[in-house]
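Engineer: The whole structure should be built from the sequences, with the hints applied where relevant.
For the record, the sequence lines run as chains W and D.
Each residue of the first sequence is one higher than the one before, counting from 1 in the numbering used here.
Each residue of the second sequence is one higher than the one before, counting from 1 in the numbering used here.
Everything labelled a hint here was simulated from the structure, so no lab data went into it.
A portion of the hints provided could be inaccurate.
As the list claims (entries may be wrong) - Selected chain W positions facing chain D (in silico; Cβ < 10 Å): (1) Glu82; (2) Asn91; (3) Thr95; (4) Cys108; (5) Ser112; (6) Ala114; (7) Lys131; (8) Val140; (9) Pro145.
All values derive from a computational prediction rather than experimental measurement.
The beta-carbon is built from N, C-alpha and C at its ideal position, and this holds for glycine as well.
There are 2 protein chains.
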Amino acid sequence: MEKPLIILKLGGSSITDKKSAEPKTRPDVISRLAKEVAEAYAGQKFSLVIVHGAGSFGHGIVKKTGIDKGLHNDEQLLAFAEVQRLQNVLNSLVTQALIESGVPAMPCQASSHAILENGRIIKMDTETIKKLVERGMVPVLYGVPAYDTVKGCSILSGDQIAPYVAKKLGAAKIIHGTNVDGIFTSDPNTDKNARHIKLITTENIEEVKKMLGGSATTDVTGGMAGKVQELADMEIDSQITSALEPGKIRAALLGEAVGTTVKL
Amino acid sequence: MEKPLIILKLGGSSITDKKSAEPKTRPDVISRLAKEVAEAYAGQKFSLVIVHGAGSFGHGIVKKTGIDKGLHNDEQLLAFAEVQRLQNVLNSLVTQALIESGVPAMPCQASSHAILENGRIIKMDTETIKKLVERGMVPVLYGVPAYDTVKGCSILSGDQIAPYVAKKLGAAKIIHGTNVDGIFTSDPNTDKNARHIKLITTENIEEVKKMLGGSATTDVTGGMAGKVQELADMEIDSQITSALEPGKIRAALLGEAVGTTVKL
Chain W
1 MEKPLIILKL
11 GGSSITDKKS
21 AEPKTRPDVI
31 SRLAKEVAEA
41 YAGQKFSLVI
51 VHGAGSFGHG
61 IVKKTGIDKG
71 LHNDEQLLAF
81 AEVQRLQNVL
91 NSLVTQALIE
101 SGVPAMPCQA
111 SSHAILENGR
121 IIKMDTETIK
131 KLVERGMVPV
141 LYGVPAYDTV
151 KGCSILSGDQ
161 IAPYVAKKLG
171 AAKIIHGTNV
181 DGIFTSDPNT
191 DKNARHIKLI
201 TTENIEEVKK
211 MLGGSATTDV
221 TGGMAGKVQE
231 LADMEIDSQI
241 TSALEPGKIR
251 AALLGEAVGT
261 TVKL
Chain D
1 MEKPLIILKL
11 GGSSITDKKS
21 AEPKTRPDVI
31 SRLAKEVAEA
41 YAGQKFSLVI
51 VHGAGSFGHG
61 IVKKTGIDKG
71 LHNDEQLLAF
81 AEVQRLQNVL
91 NSLVTQALIE
101 SGVPAMPCQA
111 SSHAILENGR
121 IIKMDTETIK
131 KLVERGMVPV
141 LYGVPAYDTV
151 KGCSILSGDQ
161 IAPYVAKKLG
171 AAKIIHGTNV
181 DGIFTSDPNT
191 DKNARHIKLI
201 TTENIEEVKK
211 MLGGSATTDV
221 TGGMAGKVQE
231 LADMEIDSQI
241 TSALEPGKIR
251 AALLGEAVGT
261 TVKL
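Structural biologist: Spelled out as structure tokens, the structure:
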């Protein structure tokens with residue numbers, strides 16, 4: 001690819017109201033993020049693939065029906081289909097905002113061709129996504145329930161799709177838009193001594209993981225620590241920043257050092 | 001596969017209001033068809049893949065933007081994305097009706113991985129669709145704008161998807177649910193001498209094509225004649241019947257000789 005490729009992951013907890021029992025978007029956040037992406041993308045300095053999570057469009061119904069643990073009855077077949085349908089509804093709303101802002105945001109349903117084994121991708125063709133990117137399109141993938149050779153169905157999360165596509169397409173970096181502005185030594189919402197970690201490299205990664213692991217708020221920062229390790233394993237630079245604070249995603253897309261950068 | 005596989009193609013002119021300038025479904029038709037499919041599928045005598053057309057969700061915007069003739073400017077990139085998004089919206093409505101009726105209707109977006117060359121599929125992985133069918137799911141594919149190696153974008157119609165999937169998965173037959181009840185020698189709406197053709201075989205196909213070709217209403221029945229030839233080329237049995245007359249689709253799924261049968 002001629003331009004560096006960025007993978008932008010937008011967390012389900014940012015674009016939906018994750019506390020809602022029913023599927024519910026955050027239209028104001030989606031609309032603002034779409035404009036930020038459009039402004040950054042208009043400069044034509046990079047190619048882009050977006051991957052978003054499910055939030056309240058997935059977690060509730062998956063937990064209720066247990067489809068991520070396998071398909072054991074007809075009700076679960078229906079739930080598998082309905083969870084997929086709900087993700088397409090969410091994706092239609094996200095891509096609508098992007099398209100209206102001027103981003104050629106092409107919906108791409110990974111589960112129409114991916115095959116998983118015990119929850120991990122064993123087959124997923126990314127040639128079409130690559131070709132779309134080369135033609136100037138912005139493929140928008142999203143967390144989905146997918147066919148699993150062992151369990152029948154398992155969840156192919158945006159967190160698995162993003163590094164997979166990044167690696168296959170040789171992305172320059174992954175930007176994780178989440179509900180906190182990067183990695184902190186503890187939960188910044190409850191601990192006034194929480195320290196922001198600006199840069200993680202091979203030199204300090206073990207120290208950082210020890211700090212996160214030893215923290216009393218592992219449950220809050222644990223997700224981030226897990227992501228740090230997953231990204232370290234993929235050997236792709238990444239950046240974790242807030243999708244809720246206006247301007248951060250645009251800044252990250254334009255190469256500014258907002259949030260936490262993981263450079264390996 | 002253990003059970004015979006049926007491919008059910010539902011025309012865009014049946015499930016949408018094709019005369020509408022704006023995307024508009026026919027919710028009563030979709031709801032009734034969903035119930036007919038559910039009733040037939042409940043007997044568990046066959047496996048099923050559904051393919052539906054775009055109707056007013058596609059033809060207007062494709063014609064207006066010319067994306068089927070190639071991508072020449074940024075507006076067309078946006079239109080490519082928007083046409084795909086609209087198909088996902090239509091598919092969400094179709095699968096919602098099916099799921100509510102008890103059919104595990106799994107949305108499957110062909111353009112997330114298909115590659116076309118001058119409008120014809122040159123690559124499309126159907127392994128996931130096969131596996132979903134084997135697990136009792138009913139994949140629902142649909143006409144989409146897709147990446148084309150020559151033009152950038154071209155239209156992958158339901159009429160191309162249906163025989164492609166049928167061949168790849170070894171389907172027993174394709175049922176075409178359209179707005180007429182099979183093949184007629186001329187337009188039955190305007191010609192009271194129009195004769196219904198109940199069965200087309202290798203013995204009478206040339207005679208039938210001659211009848212259709214020589215008819216003064218070629219523009220009306222031409223679509224059907226084209227389908228007859230396309231299906232003849234695929235060497236798969238097919239049946240053309242009305243999706244608008246209640247009961248016909250259920251009857252066809254249950255093996256009754258409604259409409260026109262093409263047996264080759």
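Engineer: Of the numbered hints stated earlier in the document, which are not met by this structure?
Structural biologist: none
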